[in-house]
Structure formats: structure tokens, C-alpha cells
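Colleague: These protein sequence lines map, in sequence, to chains A and B.
The first sequence: position 107 = 88 (this note's numbering), numbered continuously.
Count along the second sequence from 1, add 132, and you get the number used in this note's numbering.
Calculated pairs, EDC-like style, for lysine to aspartate or glutamate (alpha carbon to alpha carbon, straight line, at most 20 Å):
(1) 181/A / 257/B
(2) 268/B / 344/B
(3) 181/A / 269/B
Computed Cβ-Cβ distance ranges for the label pairs, DEER-style:
(4) 251/B / 163/A: 31 to 39 Å
(5) 145/A / 279/B: 40 to 48 Å
(6) -5/A / 383/B: 58 to 66 Å
(7) 163/A / 253/B: 24 to 32 Å
(8) 16/A / 219/B: 35 to 43 Å
(9) 21/A / 219/B: 41 to 49 Å
(10) 16/A / 220/B: 34 to 42 Å
Stretch by stretch, here's where chain A covers chain B in the computed footprint (C-beta under 8 Å, at least three residues):
(11) 260 to 273
(12) 306 to 313
Simulated from the structure, these hints should not be mistaken for laboratory data.
Even for Gly, the Cβ is constructed at its ideal location relative to N, Cα and C.
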Amino acid sequence: MLISEQKPLEEILNYLDGEKNIFLIGCKGCAEGCESGGEKQVLEMKHTLEGQSKSVTGFSLIDMVCNETLTRMKLKTHQKEMKAADSILVLTCGIGVQTVAGVTDKVVHPGCNTLSSGGAHAEWKEAERCLECGDCMLDFTGGICPIARCSKHLLNGPCGGSQGGKCEVDPSIPCAWQLIIERLTKLGQLDKLEKIVAPKNWSVSLIAGPPVKRGL
Amino acid sequence: MKTKSNLEGVLEAGHFAVTGEIGPPASADPEVIRRKAKMLKGYIDAFNVTDGQTAVVRMSSWAACLIGKEEGLDPIVQMTCRDRNRIALQMDILGAAALGINNILCLTGDHQKFGNHPMAKGVFDLDSIQFLKVVKDMRDEKKFQCGDEMAVEPNLFTGAAANPFADPFEFRVIRLAKKVAAGADFIQTQIVYNMDKFAEWMKRVCDRGLHEKVKILAGVAPIKSVGAARYMKTKVPGMDVPDSIIERLRGVPKERVSKEGIKLCVDIINQVRQIKGVAGIHLMAIEWEETVPEIIEAAGLLPRP
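So that you can see chain A by itself, here it is in the shape it has in the complex:
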């Protein structure tokens, strides 16, 4: 089970600044078990956002958001509600957020931080998609993770070794920042990358923080 916890509301509202219509996605797998993004939390979030004068166009609870085929199928039944939304708030682990980003052209915001894989990984067979950094960055990177997918974990854009869309380390690895820039360009949000991202708080991450028990 992947251990996640909801981000502070202030951070989520910050992501949604300037947006009115939101579609919510929750996960009936790990996020429900962690009480970070199950049915109860999605309904609570709907209520909270409506209290902040947002309009929730709809929501979807998917058994395992990390299952791309399942998520794609399930979201097909919500096309209208998703179309009416400015963005999608995903209350799952980082893998779920990236799955949703991979199947829609909508802006995707992470609603949770992934603290630990709790001994097992979610479905994403071809590559590592979440390094359990504990402070999800997917909001400003278009739902593509620069921690898990950039060889140098860069936060302010591609290094000088990105060529032809490939990572300098291995031509079989796509340059994460090329993917991020392409996606943000498509979403008309490339200006998000003009801002300097401050040094990351690694103390909450599983790879660099203390080996403490996380969540549950």
C-alpha cells in the first residue's frame, strides 16, 4: 500500500487560485486506506471547495487510479463534467496524479503527499514514477515528476545535457523536463516555469530523511 496524506488545505487552495470549476478524483485503493483520498475525503473536499466559492463539476472514485486502463475507461464516463472543469484535483499518491495527467489534457493538481510505498508499489510497470519525496511537486510540472524522472532531480528546468528529447545519461530515458515543457506548452502554462523553485525540503522524503515510520 502506498502511504499518502492530504496536503494542507492552504497549499491546495493556492494551486486552485484563479480557477473556478474543479473536477475531483479519489482512489478506492491505497488513498481510501490512508484516508487521504477515499470516498469520504472526496466528499469532504467537495464540501470544502464549495465553501470557498468553487464549483465542483463532478467527481470520480476509481478502484486503483494507478491502473491507467481502468482510469482511462472510468474517466470516459465523466467527459462532460471534466470538460466543464478548469482543472482536476487528484487525491491520490503521486503515481495516481501522473496517471491522470497521462490520460487527459487538463491541468492536474496533486492533493496529497506520498510518504512511503509501504512495502509495495502501485502499478506502473515500465518505470519508477514516485520516489516518496513527501512533498509532491506535480502541481507546477504538469503532472510529470522531476524527482522520479530527471536523473539529477532538477527543479528549475532541463540541464545542458538534454538533447533531442533524451536524457544525457541514457538515450533510452526521455528527458523529464522536455516532457514537462511540452505538456505545459500544450496547457498554455509554460510561464509557470519562469518562477524560481526554492531548494526542496528533503527531510520529509524517504530517500533522504530519517528512517521513521510514516503514516498509518
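For chain A, the structure is supplied; the task is to place chain B on it using the hints.
Modeller: Same frame as chain A, but now just chain B:
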């Protein structure tokens, strides 16, 4: 003048600046640095020492900088985020400044996979842009990254690298703008062989007014052989060597290729000097330092201020 840097003085006075580069030895031999420094003296305004370039273990940059300084040159310490976290970076910044090093070049660093210890754990706690901001805040605010204050700040003329030839091209000027906003006083670019692409990048840099906020030194380097040109084209990440360059070197008899490589370098210097916003060159005559006097003289850049 923010610092005691000779390079800053040269640039502030409006001269076309020339920086050089010394690759430190993979040994504890100080004579390698002294020998190279003597070759460069009088021909450059400051010299870089690489910091574990291509992730191969070599003498530390600050130590080699100090040896070069003893030879009367103005050193630029290169520092990468690959091997040091924010604690170690700030300690080395204090140390370098205390030793009288006046310039720093802040880099992310080549990935450890390319070097002679590919099993090493890469650090990458900060990226180069965050690192620039740390140096600027230490110098201008007397503050460490955590916010604590210090009594004596490190007075460093702060530089960064830029690669106009990496992808995605459209993002490269944005990345430069971020480096300027983070605190870069000067920029040294990747080696220029693709003049059209460099000119287009410089045009976009000037369109954004960045050339008025940062001093841009174009990277240049002589090529020794056709093989070296091919190697750079195919094996070195982030390099762009057009076929026309290789053809030019192939077009002369074998014994004259290195001469042609030097002539080509002088031609490139003359071309970048004509481009608006270029404030100088960074000449990387890697393991071929003896060509520096000839190149600088042929390019009409003598005497140095």
C-alpha cells in the same frame, strides 16, 4: 564593483573579456597547475578550474585555483551540486572566499554515470539555479540558505553556465533569465561551433534585455583533429558540432589540421565579437593550453587590460 575580481573589473570597464580554463590533474602534483598557469599569464583576465569535470576524480577546484592565484592569475572556482549538499556547498564558498578567490561558477554538474566512479551516489540536493541564489544571498544578504546570518560575507563575482545548443531550444532563454534572476553576474556558454544557432539564441537573449543584466562570455575552443571533432559531435552531451566544421578540418592535409583548428577558433572569436550582447569569450583549450597565446594574439585581443 561588487567584488575584488579582476574579471569583474575588466567587464565593468567595458573591455571584451577573455577567460581561460585549466583542467586540474588526476594527481597531487601542483606543478601541472603552475605550468599551465604560466602559459596563460598575460593572455587571459581570469581562469576557471573545472570541478570533477565528467565526474572523474581530479584535484579539487579551489585548491588548484589557489595554486594558479600564486602564479598571479585571477581564479574562477567551479563548483557543482553533484558531490555536495547545501551544507558542503556553503562551507566551500566560505573557504574559497577566505582564501582570496573572487569568482565562482555555479553548476549542476555532469552526472556521475559518465565518470570513473559510476557507482557513486549523486547528491543533487540543489540545482544550479537554487545554488546561484544561495551564493547571492550569502554575499548580498549575509545569510545562509537556512536564514542564519554571518559576520563576514563571501565577496564572489558569481557566474553560471548556459548551453544554447541543448533542447528544448525555446526554453533556453527562459532558463538563462532564471539564472540572472537567481544572481548570475556573468555567463560562460557551451562551446560555440553552430554559429547560426548561437546568433539566434543571442538575439532572443537581447530581445529579453538579458544582455544588459548579465555579462555573456561565448565559449570557444580549438579542435586538434578530425577525430576530436567527431568525438565532440557524437559523444559529448550538450555539444553541437555542425558537419561544416568537420568538413573544413577534413579539407586540409593531415599535418595541417591542428593549425586549421586554431584558425577556426580565431574565426569563431571574430564572429562572436560581432554579435550584439557578447561581452567576451571563455577559451577552453583543454589539454592544449599552449595554443592560448597564439589564439588570443591572432584574434587581436592583446594586450589584456
